[in-house]
Structure formats: structure tokens, C-alpha cells
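K.L.:
If you want the building blocks of each chain, they are given just below.
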Amino acid sequence: MNFRIRIDESICIGAGRCVDLAPELFDQRENDGIVVLLQAEPDQALYDKAVRAAAQCPARVIVIESPKP
Amino acid sequence: MGMNVSDAPLFPFKRSRPFDPPELYARARAERPVFPVTLWNGQRAWLLTRQQEFRAVLTDPRFSGEFARPDFPAVTQARVAIDKGERAFVGMDNPRHGHYRRMFTKEFTARRMNALRPRVEAITADLLDAMAKKGAPVDLVEALAVELPSLVMCELFGSPYEDHTFIMNCAAGRHGLKQSPEEAHRTARALVDYCRRLIESKEKSPADDMLSRVIAEHVVTGALSREDLAEICSMILRAGHDTTTNMIGLGTMLLLQHPDQLAELKRDASLVDSAVEELLRFLAPVQFAPRRVALEDVEIGGALIRRGEGVFALTPSANRDEAVFASPDTVDLHRDASQHLTFGYGIHQCLGQGLARIELQVVFAMLFERFPNLRLAVPAEQIPYKDDMQIYGVYRLPVAW
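As given, the protein sequences belong to chains A and B, one line each in that order.
Just so you know, this note's numbering puts 69 at position 69 of the first sequence, and the rest follows in order with no gaps.
To get this note's numbering, take the position in the second sequence, counting from 1, and add 1000.
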């Protein structure tokens, strides 16, 4: 069972918290530090990490779309 | 403090204990979380004492972070003088803020910061060697807390090492609570003037550093003026020096005063990442920021903030929010403290937080590994705290081992 992550890169400030907290799910573009979503429908095992990254994103870029089943 | 929570007392308040924020903050969180205060000039402002309102205001476009606005709140008249002259994106709203910030974010990505770790370790090892060679007692602030961020900024940013005392004095020199506006303005402009000359010299002889890269990518192409870069350069130099220095000095003092917690860190080096988050949470050295001003009337946390009234998002209070942290006044290196707001929140959250984390993780791991018997060389009551500064810390920390 997978869940969905959505990002809005237009409001990203490149703080890098998501990469610190969930490197399996997020990276930053080399040329401007803006977020890159590595897995849009990751495995359930990464759910808690994704929620933590979303909660700590200072610009509220990350949205977890489907709830934990 | 005997004051009533229904007053609008004069802000800022004094601490009663060196490691705890003023006692009124805890009462405000419980009874009146958006708390009215009076500033030095008689202006009304509001304190955000809990995480909920802190996060809400810092992501609400009805509040502005333009330092140059005439109604922008400040703790001193000197601070007003500095704010009026601030031209870097720290004091701008979007879209201007984002336009400039994006020219610098690539320099501070998580990957780049992690790649710096071996150099931070090597620099720290050299500084600890120098301490050992000099012999106890040593002032840890002078020998380590000031030196490490300075040396790291030299390498990363490209500021010459011989200028680091000048840069540090400019960085610290703007935070005095008793400073005159003239002195504050002079100090702020001196650093910008210095940055202008540094940019000129980097243009003539580029090196492998951030400033040279930014010049090549954004100045030469015409996207960023030399004048704007000098302002931003000044902001980055200030931020890279003073805050980390204060965290190292204050963090070491806190650990020495909590020997049980320190013993756990010495026993298990893998605890250092979580220990650093807890030190950041507990110590929150930036005391009177972030700040905003309301662009329209806003009701929040039971208060009505009127258009033109200022707001202080109080990091030291939000980091002790009982709704987020269990036993918030207890130092617990094992807790998940990562929800602290020490680096701010919203679009202005600290650009250099990844660098700060790496410096602090390296220094607190290596310091106690190298000197497991590190102790104060004077009685704890003799340690002078920066009660007269906007960024809290210790002035000196004589240690032996």
C-alpha cells in the first residue's frame, strides 16, 4: 500500500529540512537548491518520515495527500 | 516578576536564571499567549509565545517582514537605525525576498553542507590541538567558539582570515541593547563598505569560494548589482559568525552544568545530532526575532492585532511550549527536539541552518572526545552572560581538563 506526496516547488525556499529528515523522498536541485520529489507514491514504510518532513518544511511546500490507511 | 498579564509592560524583560527565558513568557503561554507589550518608544507590540501562533503569523501574508517600514517593531532605537539601513533580503517580503534568496540557496543545500563536514572536522581538530598545546586554563569562547565559525566562513564564503576579528566585531557590535543609534549605524555600514572592497578584490582574483561563484553567476551576468551583493554579503557574514559562536559557548556551559546529560553524550557519540537539536531548542540565543508588522487588523490567539502594530515571534518561548514539548524546561538530549523554532519559520527561515547544524554537531562530538574531563576553570557564578545583547551567550568560558 502506497501513499501520495505533492509538492509546490514555486514556494520552496531551499531550506533543505526535507532532505535532512527524509533523504529517500526529497532532494534539492543542484542549480538553485529547490526541492525535488524523488518518489510521489512511496511505500507506506516511509509515511512517518514524510509527515515529519512536511510538518517541518518552513514554507509548507509538502502536502501528504492520502491519509495513513 | 510581579507584573500582571493584563498590563502591557515594557519589553524586553530580564531573565531570572541564565538558561531560562524571562518567567513572564510561561505565564503568557498559559493565560494570554498573544501578549501585549510596550516598546522603548511607547509603541504597542505583541509577543507570540506559543508555536501555534508563531507558525501562523510567519506564514500569513497579512504580516510584513519589511524592516524599512516606519512601523516595524524594534527593541531599541539603535535597532531602528539598523533596520532602516537594511538592504538585504532578510528584511524584504516576497517576491523580492525570493528573487534574491534563490541566488544563494544552491550554496547551502543539504548535500553541499554535508560535503563540508570533513573540513569542519579538520578545522575543529586543529583548534582543539591548539588548546591542548596552550594548556589550561583556556577561554573556550576565544579559542574555539569564535574561531570555528570564522575559519569555516573563510573557506566557504571566501572572507580573508585576517579580517575575522573585524567581521566578528561588526556582527556582535550591532546587538547591544544599550548601543547608540549612531554607533549601530556606523558598525552596520562599516561591514557593508568592507564587503564592497571584498567583492572588488574577488572580481580581480576569483577563488574557489561562494563569493567568487556568486559574482561569476549573478554579478557578471547583470542579474545582481555589486551594491546589492555587498548588502547580502554583509548579512551572510554576520549570520555566519555571531550566532554559531554563541551556541558553542552557551551549549558548552549548559552541558557542563548538566553532568548527567553530558555523561550520556560522552558514552554514546551517536547522540550528538539529537543533542544539538535539544541545545538549539533549549538555548535559542536569538531572543527578539523574528519580527513582523500587521498590514491589516488580525485576530489571533484571543488578541486583536491592529494594522501597523508590531509582533515579536519569541523563539525562546515557543521552544518551551508545553503543547509541543513534554517537560519543556528540562534538558533531555534524548528527546526529539527537532520541532524547535530556533531557525525561525516561514520564507525567512535561516539560510545557513544546515551549516550551523554541522558545525555544532562536529564541535560537541569532538570537544568532549578530546577533553573528556573538560570543566570550568572558575566558579559557575563568575561566568559573564550577555544579558545586554539581543543575541544571548557567554562572554568568556574559562575551562580546564
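Just so you know, not all the hints are guaranteed correct.
Simulated coverage check for chain A against chain B, where a stretch passes if three residues somewhere in it have a Cβ under 8 Å from a Cβ of chain B [stated by the list, open to error]:
hint, region
1, 29-39
2, 54-62
Distance ranges between label pairs, derived from CB positions [what the hints assert, rightly or not]:
hint, chain 1, residue 1, chain 2, residue 2, range
3, A, Ala40, B, Arg1267, 39 to 45 Å
4, B, Arg1096, A, Glu30, 21 to 27 Å
5, B, Asp1007, A, Asn2, 53 to 59 Å
6, A, Ser66, B, Tyr1161, 28 to 34 Å
7, B, Asp1336, A, Val36, 24 to 30 Å
8, B, Val1220, A, Ala40, 35 to 41 Å
9, A, Gln39, B, Asn1373, 43 to 49 Å
10, A, Glu65, B, Glu1031, 34 to 40 Å
11, B, Asp1007, A, Ala55, 44 to 50 Å
Derived SDA-like pairs (lysine to any residue); straight-line CA-CA distance at most 25 Å [claimed, not checked]:
hint, chain 1, residue 1, chain 2, residue 2
12, A, Lys49, B, Val1298
13, A, Lys49, B, Ser1274
14, A, Lys49, B, Arg1111
15, A, Lys49, B, Ala1323
16, A, Lys49, B, Glu1086
17, A, Lys49, B, Cys1350
18, B, Lys1084, B, Glu1309
19, A, Lys49, B, Arg1335
20, A, Lys49, B, Ser1338
21, A, Lys49, B, Lys1084
22, B, Lys1386, B, Glu1182
23, A, Lys49, B, Lys1386
24, A, Lys49, B, Leu1271
25, A, Lys49, B, Thr1059
26, A, Lys49, B, Ala1326
27, A, Lys49, B, Lys1134
28, A, Lys49, B, Arg1117
29, A, Lys49, B, Gln1361
30, A, Lys49, B, Ala1056
31, A, Lys49, B, Asp1093
32, B, Lys1134, B, His1334
33, A, Lys49, B, Ser1270
34, A, Lys49, B, Ala1380
35, A, Lys49, B, Ala1115
36, A, Lys49, B, Gly1344
37, A, Lys49, B, Leu1128
38, A, Lys49, B, Asp1268
39, A, Lys49, B, Glu1182
40, A, Lys49, B, Ala1269
If you are wondering where the hints come from, they were derived from the structure by calculation, not from laboratory data.
Quick reminder that beta carbons are idealized off the backbone N, C-alpha and C, glycines included.
K.L.:
Next step is simple, just say for each hint if it's right about the structure.
P.N.:
So, going through the hints one by one against the coordinates:
1. For the region 29-39 of chain A, the stated coverage by chain B holds: 6 residues have a C-beta nearer than 8 Å to a C-beta of that chain, and at least 3 were required.
2. For a cut-off of 8 Å, the count of residues in the region 54-62 of chain A with a CB near a CB of chain B stands at 5, and the three-residue condition holds.
3. For the pair A/Ala40 and B/Arg1267, the beta carbons lie near 42 Å from each other, so the given range of 39 to 45 Å is met.
4. The given range of 21 to 27 Å is respected by B/Arg1096 and A/Glu30, whose C-beta atoms sit roughly 25 Å from each other.
5. Restraint check, B/Asp1007 to A/Asn2: a C-beta distance of roughly 55 Å satisfies the suggested window 53 to 59 Å.
6. A C-beta distance of roughly 52 Å is found between A/Ser66 and B/Tyr1161, which places it outside the suggested range of 28 to 34 Å.
7. A beta carbon spacing of about 26 Å between B/Asp1336 and A/Val36 agrees with the range 24 to 30 Å that was offered as a hint.
8. Range check, B/Val1220 to A/Ala40: Cβ separation about 38 Å, and the 35 to 41 Å hint holds.
9. Range check, A/Gln39 to B/Asn1373: about 47 Å between beta-carbon atoms, so the 43 to 49 Å window is met.
10. Evaluation of the 34 to 40 Å hint for A/Glu65 and B/Glu1031 yields a pass: the beta carbon distance comes to about 39 Å.
11. In this structure, B/Asp1007 and A/Ala55 break the distance hint of 44 to 50 Å, their C-beta atoms being roughly 35 Å apart.
12. Between A/Lys49 and B/Val1298, the direct Cα distance comes to roughly 34 Å. Violation of the 25 Å bound is thereby established for this hinted pair.
13. Between the alpha carbons of A/Lys49 and B/Ser1274 the distance comes to roughly 16 Å, so the proposed pair stays at or under 25 Å and holds.
14. A threshold of 25 Å between alpha carbons decides the hint, and for A/Lys49 with B/Arg1111 the separation of about 19 Å falls inside it, so the pair holds.
15. Taken as a hint, the A/Lys49 and B/Ala1323 pair is honoured in the structure, with Cα atoms around 21 Å apart against an allowance of 25 Å.
16. The straight-line distance between the Cα atoms of A/Lys49 and B/Glu1086 is roughly 38 Å, outside the 25 Å bound, and the hint therefore fails.
17. The straight-line distance between the Cα atoms of A/Lys49 and B/Cys1350 is roughly 22 Å, inside the 25 Å bound, and the hint therefore holds.
18. Restraint check: the Cα-Cα separation between B/Lys1084 and B/Glu1309 comes to about 17 Å, which is no more than 25 Å; the hinted pair holds.
19. For the hint pairing A/Lys49 with B/Arg1335, the CA-to-CA distance comes to about 17 Å; that is within 25 Å, so the pair holds.
20. A hinted pair counts as satisfied when its Cα atoms are at most 25 Å apart, and A/Lys49 with B/Ser1338 qualifies at roughly 13 Å.
21. Our distance criterion of 25 Å between C-alpha atoms is broken by A/Lys49 and B/Lys1084, whose separation comes to about 42 Å.
22. Only pairs whose Cα atoms come within 25 Å are accepted, and B/Lys1386 paired with B/Glu1182 is accepted, the gap being roughly 21 Å.
23. Annotation: proposed proximity of A/Lys49 to B/Lys1386 is violated, straight-line Cα distance about 38 Å (limit 25 Å).
24. A hinted pair counts as satisfied when its Cα atoms are at most 25 Å apart, and A/Lys49 with B/Leu1271 qualifies at roughly 19 Å.
25. Between the alpha carbons of A/Lys49 and B/Thr1059 the distance comes to roughly 23 Å, so the proposed pair stays at or under 25 Å and holds.
26. Annotation: proposed proximity of A/Lys49 to B/Ala1326 holds, straight-line Cα distance about 21 Å (limit 25 Å).
27. Restraint check: the Cα-Cα separation between A/Lys49 and B/Lys1134 comes to about 46 Å, which exceeds 25 Å; the hinted pair is violated.
28. With a CA separation close to 24 Å, the supplied pair A/Lys49 and B/Arg1117 stays within the 25 Å bound.
29. Proximity of A/Lys49 to B/Gln1361 is assessed by CA-CA distance (about 21 Å); at most 25 Å being required, the pair is judged to hold.
30. For the hint linking A/Lys49 to B/Ala1056, the alpha-carbon distance of about 23 Å falls within 25 Å, and the restraint holds.
31. Proposed proximity of A/Lys49 and B/Asp1093 is contradicted: the alpha carbons are some 31 Å apart, above 25 Å.
32. A distance of roughly 34 Å separates the Cα atoms of B/Lys1134 and B/His1334; the hinted pair therefore is violated under the 25 Å criterion.
33. Proposed proximity of A/Lys49 and B/Ser1270 is supported: the alpha carbons are some 19 Å apart, at most 25 Å.
34. Only pairs whose Cα atoms come within 25 Å are accepted, and A/Lys49 paired with B/Ala1380 is rejected, the gap being roughly 41 Å.
35. Distance check on the hinted pair: A/Lys49 and B/Ala1115 sit about 23 Å apart at the alpha-carbon level, within 25 Å; holds.
36. Restraint check: the Cα-Cα separation between A/Lys49 and B/Gly1344 comes to about 21 Å, which is no more than 25 Å; the hinted pair holds.
37. Restraint check for A/Lys49 and B/Leu1128: the C-alpha separation of about 36 Å exceeds 25 Å, so the hint is violated.
38. Restraint check for A/Lys49 and B/Asp1268: the C-alpha separation of about 24 Å stays at or below 25 Å, so the hint holds.
39. Taking the CA atoms of A/Lys49 and B/Glu1182, the gap is about 49 Å. The hint is violated against a cut of 25 Å.
40. Restraint check for A/Lys49 and B/Ala1269: the C-alpha separation of about 23 Å stays at or below 25 Å, so the hint holds.
When the structure is compared with the earlier hints, violations turn up for hints 6, 11, 12, 16, 21, 23, 27, 31, 32, 34, 37 and 39 and for no others.
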